[in-house]
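A.B. asks: Assemble chain H onto chain D, guided by the hints.
Going line by line, the protein sequences match chains D and H. Just so you know, the working numbering puts the end of the first sequence at 232, numbered straight through with nothing missing. Just so you know, the working numbering puts the end of the second sequence at 696, numbered straight through with nothing missing.
It is worth saying that the hints were derived from the structure and are not from the lab. Using N, Cα and C, we set each Cβ at its ideal position, and we do this for glycine too. Hints are not guaranteed to be accurate.
What the hints assert, rightly or not - Here chain D is said to cover these stretches of chain H; the calculated rule only asks that three of the stretch's residues, wherever they fall, bring their Cβ under 8 angstroms from a Cβ of chain D: (1) 286-297; (2) 453-459; (3) 602-615.
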Amino acid sequence: MVGVTEGFLVTAREQILGDIRRALGRAAGQPPLFEVAPLGSGELAAPSLRIPRSDGNLFVNLFVQKFENLGGKSFRVRDTSAAVPVIADLLVQKSAVASNSPFLRKCGVTGLPQVHAGFSERDELKKACSAADIGITSVDYALAETGSFVMLSSFNEARLVSLLPPAHIAIFPRSLILANLDQLLSMLPRPADQTSSMVLITGPSRTADIEQILVRGVHGPGEIYAVIVDQD
Amino acid sequence: MKVPETEIQQAINDPRLQLAIYTATGRLIDHRAGVVSAEALPDYQALRDEAHAIKKHTIENLDYYLEQLESNVVAHGGKVVFCRTGEEAADFVLNLAKERDLHMLVKSKSMTSEEIHFNERLEKHHLEAIETDLGEYILQLAHQRPYHIVAPALHLTRYDVADVFTKELGVENEVAIEKQTKLARKVLRQKFLEAGIGVSGANFLIADSGAIVIVENEGNARLTTSTPKIHIAIAGIEKVIPRAQDLAVFLNLLGRSATGQPLTVYTSFLSGPRRESEIDGPDEFYLLLLDNGRTNLLADPEKRQSLFCIRCGACLNHCPVYRKIGGHNYPWVYSGPIGAIITPQFHGINQDTWLPFASSLCGACAEVCPVKIEIPKLLLKLREEVTEVKRRQCSDGLERFAFQLFAWVATHPKIYRFLANLGSIFFPLVPHIGPLKKWASQRSVPEPAKQSFHAWWASRKGSS
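Pulled out of the complex, with its shape left as it was, chain D reads as follows (with noise of 0.2 angstroms):
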């Protein structure tokens, strides 16, 4: 912290909260009315979370289209030896970065001549990642209902594979699929407790900037694939 600010921060933070309870007649540390709550409850009315109910393969299903109709392109295989092949035909000609995701390691994808892994220090990261043409990660969840990726920052999932380079390869269990935002929230009702960055990422990066008109790839991966692996 900035010493020499210290001083009048402090009398901010008093004069701010200050104002507040003057202007909204509460005392200091009074807790909140609860107006809004079902009569008798005495709480904020508990959150409202819509989660539809349907088998797996109706996400799995809605998932595929939701991400194509964004701009994704997505493929199923069935289990994780299937899935080196599908890689490696998008590793044509081109480098790339993975993650240290388990599963990557578990598909064999970290064998793949291409692919830069192991990473563990940042500024080795960031150069590695500025120069890959693909960033290879999996994901903590995805969800069906909007074709979303959730990735928590980790060891395993640095946040600057998925950023960096111009595209962007998922590869997951489909049993990582949720139905919605909704659902995502009722398991992690507090994200920040386990990570300091939680991301949806819902379609290729895109401005529509000038003239209203759609560019992918402006600052984030213009391509972005999902490879579903049936079982894992």
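C.D. replies: The following block gives chain H in isolation, referenced to the frame of chain D:
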């Protein structure tokens, strides 16, 4: 400030600009309509009610949730800095950059930073701030402010962009949008890798998690918050919501209302610096909580709903006034109906007194607002306040004199009757004389009664 009549006239008479605004807002209207329909989102109206209720609850207990947010940010290793003004926010960043000997920072889109002229303040002290959202980057090069809350360069065509890039970046004139985008990617990628600080805004602050949520499509906010070693987020104090699970409501509404996307491409949920086991991410995280006039809006239970706004821009797209006069004719960075209600409340009712009146009260804004802010009602309330202030100031001396004169006439029956008779004789001349000629040429002027009520009453009395 007075009504910028000349500028408004210019905007209306510029067919290229009119087409740009009309097409862009039209597209946004269509995109939204497709994803909030009863078939696409059966719970849309229920979600709006829930969003309104959550915002209302949070704002009514704002101090509580800010303190909860603060302690959770700290628990995750971040720091919270309360800032009364834009100057305090800029000073914090300047001091930090000075201490770390950093001279350049990258920025993702933040209306809150626009509101406090953040970049200008930093540049005055030789700290370069580079906008990385494509639209904002173009505007920064063109030295313009955002035209729209979510589509900042909505008014510029590919040809305008080509000219800006040629002039400011010294590149060949390129009018293909895809190539312009590639160029921006290349220039800005280098900045991302060099910058020591990334400054972002925040769409939501999550009290129970000590986290911020940023939605975007380009990936520039992810880069801003992930590549530099320091991440500073600037957000208005009203952005707080109680729980991460409340995002199920807000994220289902925000993207749909803004651009017609069920979810934007990237939704980042960020808390504190990188954890011990994580390979990348910032080493330091600061959250600047900005007041800058927001606490002034809290006292009035009705007007405080102006703070529920999630900045989706839907009210701009649907506003017949915005769609004609465009974004730059509003006095502040927040344009359209939401700008018309928050500007006078932030800056004081004496400023920009015309703003609440620049509306036909058609209600389109309230109909599309995802958090159900009663914008027309607030506009009326603000009109009332403006009128009251004006009356108290007696600024309009002539009007005051006219009403005093009328009051005097109306309380002197003989004079009133005399003038009324005179009026009924001369009234038929109105369409033929002076300033009313033009007005009457398009309208049928009512004919005065041949006999006044008083005269009729008197004659009736006489006959009975």
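A.B. asks: Work down the list of hints and note, for each, if the structure agrees.
C.D. replies: Each hint, compared with the structure:
By the rule of at least three residues with a Cβ nearer than 8 angstroms to a Cβ of chain D, the coverage given for the segment 286-297 of chain H holds, with 9 such residues. With a threshold of 8 angstroms between beta carbons, the proposed coverage of the segment 453-459 of chain H by chain D holds, since 5 of its residues qualify and at least three are required. With 0 residues having a beta carbon nearer than 8 angstroms to a beta carbon of chain D, the segment 602-615 of chain H misses the requirement of three or more and the stated coverage is violated.
Hint 3 from the list above is the single one not met by this structure.
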